[in-house]
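These protein sequences, in sequence, are chains A and B. The first sequence lines up with residues 14 to 151 when you count with this note's numbering. The second sequence lines up with residues 10 to 154 when you count with this note's numbering.
If you are wondering where the hints come from, they were derived from the structure by calculation, not from laboratory data. Some clues are possibly wrong.
[To be verified] Derived SDA-like pairs: lysine to any residue, alpha-carbon spacing no greater than 20 Å straight-line:
id : chain 1 : residue 1 : chain 2 : residue 2
1  : A       : Lys142    : B       : Pro75
2  : B       : Lys37     : A       : Pro34
3  : B       : Lys37     : A       : His51
4  : A       : Lys63     : B       : Ile88
5  : B       : Lys122    : A       : Tyr107
6  : A       : Lys63     : B       : Leu92
7  : B       : Lys132    : B       : Pro75
8  : B       : Lys37     : A       : Lys63
9  : B       : Lys37     : A       : Gly46
10 : A       : Lys63     : B       : Lys123
11 : A       : Lys119    : B       : Thr99
12 : B       : Lys132    : A       : Arg99
13 : B       : Lys37     : A       : Ile56
14 : A       : Lys142    : B       : Arg13
15 : B       : Lys132    : B       : Arg13
16 : B       : Lys132    : A       : Asp50
17 : A       : Lys63     : B       : Pro75
18 : A       : Lys142    : B       : Gly56
19 : B       : Lys37     : A       : Arg111
20 : B       : Lys122    : A       : Ile101
21 : B       : Lys37     : A       : Val35
22 : B       : Lys37     : A       : Gly49
23 : B       : Lys37     : A       : Tyr107
24 : B       : Lys37     : A       : Lys119
25 : B       : Lys37     : A       : Arg86
26 : B       : Lys37     : A       : Arg38
27 : A       : Lys63     : B       : Ala89
28 : B       : Lys37     : A       : Thr39
29 : A       : Lys142    : B       : Gly85
30 : B       : Lys123    : B       : Gly85
31 : A       : Lys142    : B       : Asp87
32 : B       : Lys37     : A       : Met33
[Said to hold, decoys possible] Going by beta-carbon spacing under 7 Å, a handful of chain A positions derived as facing chain B:
id : residue
33 : Pro53
34 : Ile56
35 : Met74
36 : Met98
37 : Gly102
38 : Leu106
Glycine included, every Cβ here is placed at the ideal spot set by N, Cα and C.
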Amino acid sequence: MQQPSYAALAVGDALPPLAMPVISRTTLALYAGASGDHNPIHIDLDFARKAGMADVFAHGMLSAAYLGRLLTRWVPQQNIRSLGMRFIGITHLYSTVRCTGRIVEKFEAEGEQRLRVEISTANQYGETKIAGEAVIAI
Amino acid sequence: MFNRAMIGQALSAHEAVVERGRLRFFAKAIGETDPVYTDEAAAHAAGHTSLPVPPTFLFCLEMEQPDPFAWFSQVGIDIARILHGEQQFTYHAMAYAGDTLRFESRVADIYDKKGGALEFLVKETRVSNQHGRHIADLRSVLVQR
Numbered sequence: 014m015q016q017p018s019y020a021a022l023a024v025g026d027a028l029p030p031l032a033m034p035v036i037s038r039t040t041l042a043l044y045a046g047a048s049g050d051h052n053p054i055h056i057d058l059d060f061a062r063k064a065g066m067a068d069v070f071a072h073g074m075l076s077a078a079y080l081g082r083l084l085t086r087w088v089p090q091q092n093i094r095s096l097g098m099r100f101i102g103i104t105h106l107y108s109t110v111r112c113t114g115r116i117v118e119k120f121e122a123e124g125e126q127r128l129r130v131e132i133s134t135a136n137q138y139g140e141t142k143i144a145g146e147a148v149i150a151i
Numbered sequence: 010m011f012n013r014a015m016i017g018q019a020l021s022a023h024e025a026v027v028e029r030g031r032l033r034f035f036a037k038a039i040g041e042t043d044p045v046y047t048d049e050a051a052a053h054a055a056g057h058t059s060l061p062v063p064p065t066f067l068f069c070l071e072m073e074q075p076d077p078f079a080w081f082s083q084v085g086i087d088i089a090r091i092l093h094g095e096q097q098f099t100y101h102a103m104a105y106a107g108d109t110l111r112f113e114s115r116v117a118d119i120y121d122k123k124g125g126a127l128e129f130l131v132k133e134t135r136v137s138n139q140h141g142r143h144i145a146d147l148r149s150v151l152v153q154r
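With the hints as constraints, model all of the structure from the sequences given.
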């Protein structure tokens with residue numbers, strides 16, 4: 014992996030975005046199994062309807078994992094110092110999640126050069142579903 | 010109302026083994042294309058000792074216990090009304106396939122907003138590996154409507 018250099022990066026720079034394929038029922042079944050989150054609200058239409066939802070919907074932590082990928086395809090994972098997020102809205106079935114990020118601060122801490130990066134996920138209508146922040150050592 | 014006597018209280022600790030096949034399954038589920046997460050040779054070439062535990066998978070391992078919500082009743086959480094509001098990871102060292110990770114959780118805070126209409130619980134979890142090395146700290150904010 015070619016690592017970005019601290020000197021070459023500037024506040025306002027965007028990370029290469031990550032565009033995921035549409036979320037299908039298969040996506041949610043696989044994530045339920047792999048993550049160990051077996052909450053039926055994400056995989057069982059009958060359960061979701063009884064709970065008052067029109068359909069099953071995506072696990073928030075699935076989109077969180079996509080945000081993890083946004084970072085690890087940009088820098089090696091061992092450079093990630095922190096990753097935090099707020100869940101703002103439900104990511105529905107058939108959503109197309111797009112992850113984006115941009116550098117908001119360059120600073121030094123604990124003897125390292127670090128970047129603070131604002132990250133988010135949005136659906137195909139541009140509605141933000143998760144907003145977060147990561148700190149990266151460069 | 011959440012039981013505020015739980016503030017500062019430790020919740021049950023547990024250990025979870027990081028299984029290689031499970032990491033590959035997770036990689037498939039999140040559309041991972043970087044071979045570092047699925048191929049031992051690629052992981053070694055990138056300087057890792059085995060397949061890395063990806064950034065958010067620690068949350069999954071934290072839930073890897075017979076009943077991850079057993080403590081809800083101690084606090085007064087209703088699983089049908091609870092939402093995951095925020096999640097934070099602070100990383101100290103990498104974790105890998107083959108590791109046995111220990112998860113120690115505590116209730117860091119309980120508070121409410123809108124005159125009690127929304128109740129919040131903050132859970133903090135310290136993760137360490139089989140050598141006693143501090144791997145990460147997790148912080149979850151749960152919201153009950």
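A quick look at each hint next to the structure:
Of the pairs offered as hints, the one joining A:Lys142 and B:Pro75 is violated, with about 31 Å between alpha carbons and a cut-off of 20 Å exceeded. Using a Cα cut-off of 20 Å, the hinted pair B:Lys37 and A:Pro34 holds, with the two alpha carbons roughly 13 Å apart. Our distance criterion of 20 Å between C-alpha atoms is met by B:Lys37 and A:His51, whose separation comes to about 17 Å. Between A:Lys63 and B:Ile88 the alpha-carbon distance is near 15 Å, which keeps this suggested pair within the 20 Å criterion.
For a cut-off of 20 Å, the pair hint linking B:Lys122 to A:Tyr107 is broken: about 33 Å separates their Cα positions. Proposed proximity of A:Lys63 and B:Leu92 is supported: the alpha carbons are some 18 Å apart, at most 20 Å. For the hint pairing B:Lys132 with B:Pro75, the CA-to-CA distance comes to about 19 Å; that is within 20 Å, so the pair holds. The suggested pairing of B:Lys37 with A:Lys63 is violated, with an alpha-carbon distance near 30 Å, which exceeds 20 Å.
Of the pairs offered as hints, the one joining B:Lys37 and A:Gly46 holds, with about 11 Å between alpha carbons and a cut-off of 20 Å not exceeded. Annotation: proposed proximity of A:Lys63 to B:Lys123 is violated, straight-line Cα distance about 28 Å (limit 20 Å). With a C-alpha separation of about 18 Å, the suggested pairing of A:Lys119 with B:Thr99 holds against the 20 Å cut-off. Between B:Lys132 and A:Arg99 the alpha-carbon distance is near 15 Å, which keeps this suggested pair within the 20 Å criterion.
The straight-line distance between the Cα atoms of B:Lys37 and A:Ile56 is roughly 17 Å, inside the 20 Å bound, and the hint therefore holds. In summary, the hint linking A:Lys142 to B:Arg13 is not supported, as the alpha carbons are separated by about 31 Å, beyond the 20 Å threshold. Among the hinted pairs, B:Lys132 with B:Arg13 is consistent with the structure: their alpha-carbon atoms are about 13 Å apart, no more than 20 Å. Taking the CA atoms of B:Lys132 and A:Asp50, the gap is about 18 Å. The hint holds against a cut of 20 Å.
Taking the CA atoms of A:Lys63 and B:Pro75, the gap is near 26 Å; set against the 20 Å cutoff, the hint is violated. For the hint linking A:Lys142 to B:Gly56, the alpha-carbon distance of about 34 Å lies beyond 20 Å, and the restraint is violated. Distance restraint check for B:Lys37 and A:Arg111: the Cα-Cα separation of roughly 18 Å lies within the 20 Å cut-off, and the hinted pair is therefore satisfied. The hinted pair formed by B:Lys122 and A:Ile101 meets the criterion: a straight-line CA distance of about 17 Å does not exceed 20 Å.
Pair hint B:Lys37 plus A:Val35 holds up; C-alpha atoms about 15 Å apart against a cutoff of 20 Å. Of the pairs offered as hints, the one joining B:Lys37 and A:Gly49 holds, with about 14 Å between alpha carbons and a cut-off of 20 Å not exceeded. Among the hinted pairs, B:Lys37 with A:Tyr107 is consistent with the structure: their alpha-carbon atoms are about 18 Å apart, no more than 20 Å. In summary, the hint linking B:Lys37 to A:Lys119 is not supported, as the alpha carbons are separated by about 34 Å, beyond the 20 Å threshold.
Restraint check for B:Lys37 and A:Arg86: satisfied, since their Cα atoms lie roughly 16 Å apart, inside the 20 Å limit. For a cut-off of 20 Å, the pair hint linking B:Lys37 to A:Arg38 stands: about 15 Å separates their Cα positions. With a CA separation close to 12 Å, the supplied pair A:Lys63 and B:Ala89 stays within the 20 Å bound. Using a Cα cut-off of 20 Å, the hinted pair B:Lys37 and A:Thr39 holds, with the two alpha carbons roughly 12 Å apart.
A threshold of 20 Å between alpha carbons decides the hint, and for A:Lys142 with B:Gly85 the separation of about 28 Å lies outside it, so the pair is violated. A hinted pair counts as satisfied when its Cα atoms are at most 20 Å apart, and B:Lys123 with B:Gly85 qualifies at roughly 19 Å. Taking the CA atoms of A:Lys142 and B:Asp87, the gap is about 24 Å. The hint is violated against a cut of 20 Å. Proximity of B:Lys37 to A:Met33 is assessed by CA-CA distance (about 13 Å); at most 20 Å being required, the pair is judged to hold.
Against a cut-off of 7 Å between C-beta atoms, the interface hint on A:Pro53 is violated, since the closest Cβ of chain B lies about 11 Å away. The restraint placing A:Ile56 at the interface with chain B is violated, with a minimum CB-CB distance near 12 Å, outside the 7 Å limit. Against a cut-off of 7 Å between C-beta atoms, the interface hint on A:Met74 holds, since the closest Cβ of chain B lies about 6 Å away. The criterion of a C-beta within 7 Å of any C-beta in chain B is met by A:Met98, whose closest approach is roughly 6 Å, and the hint holds.
Interface hint at A:Gly102: violated, since its Cβ lies 11 Å from the closest Cβ of chain B, which is beyond the 7 Å cut-off. The closest approach between the C-beta of A:Leu106 and any C-beta of chain B is roughly 16 Å, which is over the 7 Å cut-off, so the hint fails.
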